[in-house]
Amino acid sequence: MNILNLFIVIPLIMLLALWASRNLRQTRSVMVVGSSLLLLLAIYLTTDFIAQRGAGADAEFLYAASWQWYAPMNICYSIGVDGISVAMILLSAIIVFTGTFASWRLQPMTKEFFLWYVLLSLGVFGFFISTDLFTMFMFYETALIPMYLLIGVWGSGRKEYSAMKLTLMLMGGSAFLLMGILGIYFGSGATTMNIMEIAALANIPVNVQYIFFPIIFLGFGVLGALFPFHTWSPDGHASAPTSVSMLHAGVLMKLGGYGCFRVAMYLLPQAANDLAWIFIILTTISVVYGALSAISQTDLKYINAYSSVSHCGLVLFALLMMTRTSCTGAILQMLSHGLMTALFFALIGMIYGRTHTRDIHELSGLMKIMPFLSVGYIIAGLANLGLPGFSGFVAEMTIFVGSFEQPDIFHRTVTIIACTSIVITAVYILRVVGKILYGECRNEHHLALSDATWDERFTVICLIICVAGLGIAPMWVSNLIDGGVGNIFTILHP
Amino acid sequence: MIPAEYYLVLAALLFFIGVFGFFTRRNLLGVLISTELVLNAVDINFAVFNAYYFPEHLEGFFFTMFAIGIAASETAVAIAIILNVYRNMRTIRLKELKKLKF
Amino acid sequence: MEHTIFILALPLLSFLILALAGMKLPHKVAGTIGTLSLATVTVLAYVTAAQYFGAGRGADGLFPTLVPYNFTWLPLTESLQIEMGIMLDPISVMMLMVISTVSLMVHIYSFGYMKGEKGFQRYYAFLSLFTFSMLGLVVATNIFQMYIFWELVGVSSYLLIGFYYTKKAAIAASKKAFIVTRFADLFFLVGILFYGYYAGTFSFEPDVRLLFSAGIVIPVALGLMFIGGAGKSAMFPLHIWLPDAMEGPTPVSALIHAATMVVAGVYLVARMFPIFIEFAPQVLHIIAYVGAFTALYAAVVACAQTDIKRVLAFSTISQIAFMMVALGVCTSDDPHAGGLGYMASMFHLFTHAMFKGLLFLGAGAIIHAVHSNERDCMGGLRKYMPVTHITFLIACLAIAGIFPFSGFFSKDEILTACYSYAPMMEVFMSGVAGLTAFYMFRLYFLIFWGKSYYESQLALFEKGRIEKKPHTPHEAPAAMLIPMVILAAISCLAGFIPFGEFITANGEAYEIHLNTGVAISSTLLAIIGIATATIMYMKGQNKVTLTMKVRSKKFIQAAYHRFYMDELWLFVTKKVIFRGISRPIAWFDKHAIDAFMDLLGSATQTFARQIRTFQSGNIQSYCIWFLHGVMILALILIFLV
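Protein chains in written order, with numbering that gives the first Met the number 0: chain A, 0 to 493; chain B, 0 to 101; chain C, 0 to 640.
Because the hints were derived from the structure by calculation, they are not lab data. Idealized CB from N, CA, C, for every residue including glycine. Do not take every clue at face value.
Claimed, not checked - Stretch by stretch, here's where chain C covers chain A in the computed footprint (C-beta under 8 Å, at least three residues):
| # | stretch |
| --- | --- |
| 1 | 292–298 |
| 2 | 386–395 |
| 3 | 399–410 |
| 4 | 417–424 |
| 5 | 471–477 |
Turn these sequences into a full structure, and let the hints steer you where they fit.
Here is the structure:
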């Protein structure tokens, strides 16, 4: 039994169990047991992966297996992981686990909520373990659809509008993606859908690459909030319930970066080398533009969503810089951003759940009222603005140092422009912290509010430990992903 | 012997009269009758082509017989539908039968 | 030297304990944990210094550079990696002593000053964090480790300035401090990136050949790094955060914003000095000019401030500028030939930390006594606070550069170094030093002499003019006085330390000898400054002062408003960045990009509305369309196929 299958099987069993559960208690226990199992499994996978690599297993993908399920198109259910996917699976498991606790008290229709939630995580796990283009795409779609319902039903504010917008834009992206996948399939001779085999064939003609690289990059880029296709993100995040925001910003947006790397750049290396400059410009704009627009937002979730645009822009930016270090940095940034934003959205959700407002003009002096949440918020903020000791710093520095390895003027200039985001980030983070946490509380209704409950504390502490852990001991993650990046890197620079 | 073209012209006339009727009749029964005209035009064609150009074969005549049968059963079904439509809607005027739209 | 790891580990440990369990601990216990760990660190620092300097010079006549710990924290590229470690060389050992001493004094002092404050434990936790980061900064083995700790001191400074987080001014000040220094750090980071790429290493001792082949890039990188240093060390025009940072508790100002963190920029330049002198002497001279201007600017502004902490803040800016100038005027690394400035700068850093820390602690004691920062609420305090008075006077004499106090020696070395670079520079800087003496004694007289505010208030109370009985100023408790006395003692004696024996630009011993001309002229100028201050302020506001005030009202006003630099800052942040860039971008995002996406949606909808009329329900029209289709297909089949 391949261990990776468990990442599909466990959510499936969870779905059944949820369906059968009769009351809230049962629903919660299913979720806790299931998500803890997933987390343990992910941790086991990580350690085992590192052990295997240490023992000299040097295959590109470990745990590889394949079952054909549609012979005419050579579509297989093929799975396998390299360091990058292991890191992503670990991230997803952490977020799914903490997200469960963040939506502990979600009302109404808790059971249905978790059903969709688990389906979403099923899609995410499936995406990261697949090595078959079509299966990957299928799981990708599986992850997208529940989003519509999760936001449309359990969201807040203009939820129908946001849900529709998000789904349509992402579906637009996946339409591109399907085109691109077919392009790759037929371009490489229509014999296999397996990523490794296509990469090994390396026979896609350059002009075909030129057509399909932008298509696939855009397709995944929409999910990675690439300028100017990022506008689903602020509205979507603002309307989504807490744990969905966490999962979406924390994991789903990473699907974009991961896909760009694994599919677009890995399978179409020539075009990636030649056309990167277009997307470098777009991502540089993303980075600075997202940060600047975050400064003048007044809704906490909007601020964070724009900050996500900026940080995810940095992921794609670093990938396109195409040095080994910057690509490692991009993966680190995905991990770091996933954890940090999840933490942020969790905290915002908790504050919103108490005050029923996210407008920074209406919030003030929360430090005295809810010290735990406020301290958590400050830590999240400091992590976000890249304080050493937290994951953001490690990721950003790796990216910048890596990007500087490209010695020409163009790359240098955009790198320096991207660097300015660290200042702008400080501006909007400190603005929010100053406005909502410090000072005297002006709203007497807020004075009676309580601090975090045990489940919320648990969520926050878990995430802070992860963020700090990655920030203090980054070397094991960079060792983990280095092999995976190296493989792709050798293809990019033959 | 009457040249084949005469029959063919007759069939064409019948066909287009049928088509014209099909498009312009306001009454479902009228539309049904026009359909019959179209079918009959086809029958004539089958028979004529068979008789004049492939006298040693019989497929054309068979086909004619077959089409007549079909036309008969089709008329029966159509009239049943029309009757039901009339029962439900109290009209068989096409202008008023517009429920099947967006 | 293995014990040096504890110098870093202990403050970190005490930070973690206090941060995690602090709120549950009683004040006394929390304070004791912090202070004890710091006391141990101080002892360790002195032991390290004794061992290090006691071991003497190596065979090459230099103090060795020891690296007891160094490990790769994060591998980046094949050649570049971020390392973490401890490096001991003369300046880092000296900094260890300075930081641990001042920090310990502040820890003890805070027992009295912060007594009963809410968040006492938090305060000590942040102090520990700061001390940890600052110590990590000075012992950094490479520029990137320095940057990491550089950011950490920035954030601890942010947290401590905003300690009174319900006070509006404190929030604004902490934000401003962080953002301004962060802005400068951006340049620092870019400088590091350039340096790292071309030098192929982040360490302080790169391969010289690589640097030579890099050409112009290295001076640029060093210049960028200096901008980072200028941000931390409050050089004009990035000084704007420092005066506002005085919103934090006074002991914090003493520790962070006077003695240690603000000299990090100087330390950075000193650290990179060998590379500066070799590859970018012109950048060094730019630093000198920036420093000279800042020194003058800050001294002038300090003369017009009424808040005593602000005066001290500007005096700090001015004094740090002195150190920068001293580094900048170096033309070689030989102290006998143009490299004296390095030693002078480090010497001044050392003495300044002591007497400026003392001044701030004294100011804290005064504020503690009269509950105000404004000089109008002071006056005549010497009767009530004799110990504070004496120690403050010692510090003032030290900063004014009067023999035999420590400031005299270090300032004299700086002026000598300036003289060897350019006589004009020496004249200019002596002038600024005279001005320093003037504003410090203005402050001194306004606080301790003249008419007592308390007595006048008391008189008013007795006449029944005011309701509340004024609070009697009282001498500070022993916890506050002891550190002040210790620092005062150091300020008196530190000048006689043979500093040149330990720290020089090229590492060789240098015997400090006074340049008589410079010494006499600068002392003379200082005495003139003091005398002017005595005439003008000793007896309170007298005729001379008033005429001065009326005569140059505009100038004093401008100086009081710090020549409107803060308004400029507000303009840039509020008007330009917030309203001018961020708002339009947010608007653009909503009304252009997002609207375009919405337009796609609504266009699809409109189009669908348009074409749905085809679906009329009219069977006959369907048939006509069908017929058209058939005919077209037929035509295609007939004519094209």
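Hints violated by the structure (listed by number, smallest first): none
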